[in-house]
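Can you build the whole structure from these sequences, using the hints too?
Chains as they are written, first to last, in numbering that gives the first Met the number 0: chain F, 0 to 581; chain D, 0 to 189.
In short, the hints are calculated from the structure, not lab data. Incorrect hints may appear among the rest.
Claimed, not checked - Derived pair list, reagent style DSS-like, types lysine-lysine, alpha-carbon separation capped at 25 angstroms: (1) D:Lys61 with D:Lys167; (2) D:Lys65 with F:Lys71; (3) D:Lys65 with F:Lys327; (4) F:Lys188 with D:Lys135; (5) F:Lys314 with D:Lys167; (6) D:Lys11 with F:Lys138; (7) D:Lys165 with D:Lys65; (8) D:Lys61 with F:Lys327; (9) D:Lys61 with D:Lys165; (10) D:Lys11 with F:Lys137; (11) F:Lys314 with F:Lys327; (12) D:Lys65 with F:Lys314; (13) D:Lys11 with F:Lys154; (14) F:Lys188 with D:Lys108; (15) D:Lys61 with F:Lys314; (16) F:Lys188 with D:Lys164; (17) D:Lys11 with F:Lys110; (18) D:Lys61 with F:Lys301; (19) F:Lys154 with D:Lys167.
Quick caveat, the model's predicted, so the values are computed rather than measured.
Given next are the chains, with one letter for each unit.
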Amino acid sequence: MSTAIANKLMSGSEVLLECLVQEGVEVIFGYPGGVTLPLYDAMYDHPIRHILVRHEANAAFAAQGYARSTGKTGVCCATSGPGATNLVTGLVDAMMDSIPMVALTGQVTSKLIGTDAFQEADTFGITRSATKHNFLVKKLEDLPQILHEAFYIAKTGRPGPVLVDIPKDIFQAQGHYTPVHSIHLPGYKVVLDGHNGQIRRAAQMIWEAERPYVYAGGGILHGDASDELVEMVDIVDCPVVNTLMGLGAVPASHPRFISMPGMHGSYAANMGMYNADLLIALGVRFDDRVTGRLAAFAPFAKVIHVDVDPSEISKIRHADLPIVGDVKRVLKRLNVYLRETKDEMAPKTEPSRAAWRGQIKDWMDEHPYDRPVSVDEIKPQHLMCEIDRISGGNAIICTDVGQHQMWAAQLIRYNKPRLWINSGGLGSMGFGMPSAMGAQVANPGKLVFSISGDGGFQMSLPELATIVSNGLPVKIIVMNNGYLGMVRQWQELFYNNRLSQVTLDAFPKADLLAAAYGFKGRTIDHPRDLRSALEEAVAEPGPYLLDVRVTQFENVYPMVPAGGAINEMVLGQPSPAPAGVR
Amino acid sequence: MAEIISLLVENKPGALMRVTGVLVARGYNIESLTVARTLDPTLSRMTIVVDVEDRLRPQVIKQMNKLINVLQAQDHTDSPAVSRELLLLRVRAIAGEGQTKDARTAILKEAEIFGARVVASNTEGFVLEVTGDSEKLDEFIDVMRSYGEIEVTRSGMCSVSLESKKLKLAPPVNRGATQTEEEENGVLNG
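Okay, structure coming up:
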């Protein structure tokens with residue numbers, strides 16, 4: 000560490016920027032304001048890259064897209080008051096999906112705090128439950144320690160968002176960047192190596208099981224454990240599902256990969272979950288969208304639960320064998336024990352496992368995902384299949400929230416981790432386009448799709464300017480059915496088709512909208528144009544907006560209704576009542 | 000069912016808010032809460048009585064441990080621990096002749112039975128101080144209520160464990176070293 004920097008007198012803003020440089024931060028997504036003027040003035044001469052968004056909410060989503068697609072910690076920046084409060088959705092979203100992120104917010108001058116000053120908000124109080132931890136900086140001398148602690152907390156253990164609130168006078172104060180050699184957080188204990196005895200016992204339970212089932216999720220991606228997971232599945236030769244947050248952990252092409260389980264998961268995935276006698280739960284949290292009615296969830300199975308967060312184990316479902324630890328390390332050791340004991344223990348249960356694999360295949364053949372194609376209208380499933388064809392399992396797919404998200408999860412293949420980017424736990428609409436922005440900034444050479452419904456797309460319209468301004472060649476696909484689709488589906492199925500406030504009329508013309516921003520846009524509504532329009536979009540060197548008019552009333556199946564059991568899925572369309580529209 | 004949680008918490012700004020915030024957000028009803036400095040002035044001990052189903056008790060401790068400012072979280076409900084609460088009770092007993100004089104004497108006798116001290120006395124009545132477990136204090140209040148108008152302030156329970164549990168803290172981690180270098184026994188230091 001250069002002593003020149005340590006001895007140099009600098010402003011708080013420069014100290015902050017130096018901290019970011021020391022943390023290897025390459026990009027900040029942000030929006031300036033009154034109290035962050037000193038910071039932005041320091042940025043004027045500083046080489047760090049800043050992407051100016053058009054709404055702070057999208058700074059948080061973009062930082063997430065950056066983090067989710069790379070594993071690095073995303074950074075966003077907003078001013079005090081409304082700037083900071085605009086970050087809240089993105090923070091809660093990162094918290095729910097365990098995304099490493101550091102949010103820097105300006106705050107009013109220290110002596111004005113608590114006086115209802117202009118653009119003052121109790122950011123520290125408001126974001127307490129929206130973050131893994133947060134800080135309010137009281138003295139410039141504390142800033143380097145706080146900043147480095149913030150990054151440490153964000154990316155270790157179960158990753159998550161951390162907010163650092165910095166009053167204006169701290170930015171303006173003069174001081175030094177004192178190098179931080181050690182982080183001391185006595186109350187922050189992260190257990191990485193799982194208990195050896197438990198891991199051995201797990202290997203034993205796995206070989207003794209007749210219908211073992213691997214239930215793996217987001218934790219595999221956060222823990223960079225995809226290789227170890229695939230190895231485990233290969234050693235045992237058992238079926239595996241990836242949750243919405245875990246898609247890509249196992250390559251879609253893997254012979255044992257079934258699909259996604261849960262409310263809109265595949266028939267086979269849910270039947271397998273229901274009938275298994277051993278659930279090997281890796282980096283998952285038994286979310287209600289996966290389990291359905293708890294009393295009917297995996298009723299015949301013992302559960303091995305591996306997670307780095309001890310509070311998730313036995314939170315929803317009792318773990319017969321709990322293992323707290325980093326999933327990558329635990330799997331490495333588990334694979335060793337599995338190999339050691341395979342010759343001795345595997346043959347006895349191999350016939351059962353073979354029968355189980357056969358049963359899974361039967362279920363997959365019985366009810367595969369519906370992939371309807373029509374001759375005169377574009378089915379939403381067809382759109383996803385065409386995107387899948389162009390992607391070939393390799394494109395980065397960022398979606399918004401709703402029916403399109405479910406179809407994209409079901410029908411598009413992900414051959415590697417960190418290609419599939421969506422808001423799972425919180426389900427924040429408006430996530431799609433800004434997260435695609437962040438993913439494109441992080442991966443300049445890669446093909447990035449932003450897939451939204453017409454609802455979600457309109458929630459992040461301002462970022463069209465950011466995309467054009469930064470020359471981001473994002474392929475923006477709007478799956479347009481003219482409705483708030485998922486809500487409409489529930490109204491149809493559970494509210495007697497009374498369509499209350501779900502009609503999204505007055506959608507802008509894509510070619511004119513894009514042209515207004517200076518790039519290319521097009522609307523298609525006929526299946527004969529689908530493939531060529533997508534190819535045209537991908538071939539375009541810059542951004543492209545493709546508005547795809549799809550079948551208006553199409554529902555996502557299978558569906559486990561709320562409160563339903565996962566083995567009682569609705570597989571297809573019941574006869575709807577006539578629609579009433581308000 | 001009441002769960003008695005004892006927490007060792009850093010005296011950092013917002014630490015108290017974090018603890019109560021998590022309890023409220025997770026739907027655990029707080030019945031009482033005490034907090035004060037320990038021998039180490041940078042640390043405070045909190046005793047919280049939470050109303051939670053038995054099977055959820057371990058989850059409450061885990062949620063507390065998740066907080067970075069919480070160094071230790073213990074469930075004292077069933078473990079060997081001593082729990083005490085302080086009660087200040089003001090009872091109206093007008094000084095005078097005859098019946099009221101008897102009442103005042105009777106109150107003082109009750110106080111003696113309960114081991115309560117008289118900390119204030121005037122013509123309007125007394126203020127009594129008593130410590131004990133919650134049941135004893137509840138009984139005392141009932142008894143005093145029968146003598147006249149009362150006003151009650153309780154401190155909430157504080158609890159100390161009878162077992163000496165070694166405090167397991169995360170040691171410092173060096174910045175710039177990789178994650179594997181910064182461990183001891185498979186636990187990340189920091």
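Structure-based check of all given hints:
1. D:Lys61 with D:Lys167: Given that 25 angstroms is the threshold and the Cα spacing comes to 15 angstroms, the pair holds.
2. D:Lys65 with F:Lys71: 23 angstroms, holds
3. D:Lys65 with F:Lys327: Roughly 21 angstroms separates the two Cα atoms, so the pair holds.
4. F:Lys188 with D:Lys135: 39 angstroms, violated
5. F:Lys314 with D:Lys167: 23 angstroms, holds
6. D:Lys11 with F:Lys138: 14 angstroms, holds
7. D:Lys165 with D:Lys65: The hint holds at about 19 angstroms.
8. D:Lys61 with F:Lys327: 22 angstroms, holds
9. D:Lys61 with D:Lys165: Roughly 18 angstroms between the alpha carbons, so the hint for lysine 61 (chain D) and lysine 165 (chain D) holds.
10. D:Lys11 with F:Lys137: The given pair, whose Cα atoms are some 12 angstroms apart, holds under the 25 angstroms limit.
11. F:Lys314 with F:Lys327: Satisfied, since the Cα-Cα distance of roughly 22 angstroms is no more than 25 angstroms.
12. D:Lys65 with F:Lys314: Answer holds: lysine 65 (chain D) to lysine 314 (chain F) is near 14 angstroms, not above 25 angstroms.
13. D:Lys11 with F:Lys154: 22 angstroms, holds
14. F:Lys188 with D:Lys108: 53 angstroms, violated
15. D:Lys61 with F:Lys314: 10 angstroms, holds
16. F:Lys188 with D:Lys164: The hint holds at about 17 angstroms.
17. D:Lys11 with F:Lys110: Satisfied, since the Cα-Cα distance of roughly 19 angstroms is no more than 25 angstroms.
18. D:Lys61 with F:Lys301: 22 angstroms, holds
19. F:Lys154 with D:Lys167: 22 angstroms, holds
When the structure is compared with the earlier hints, violations turn up for hints 4, 14 and for no others.
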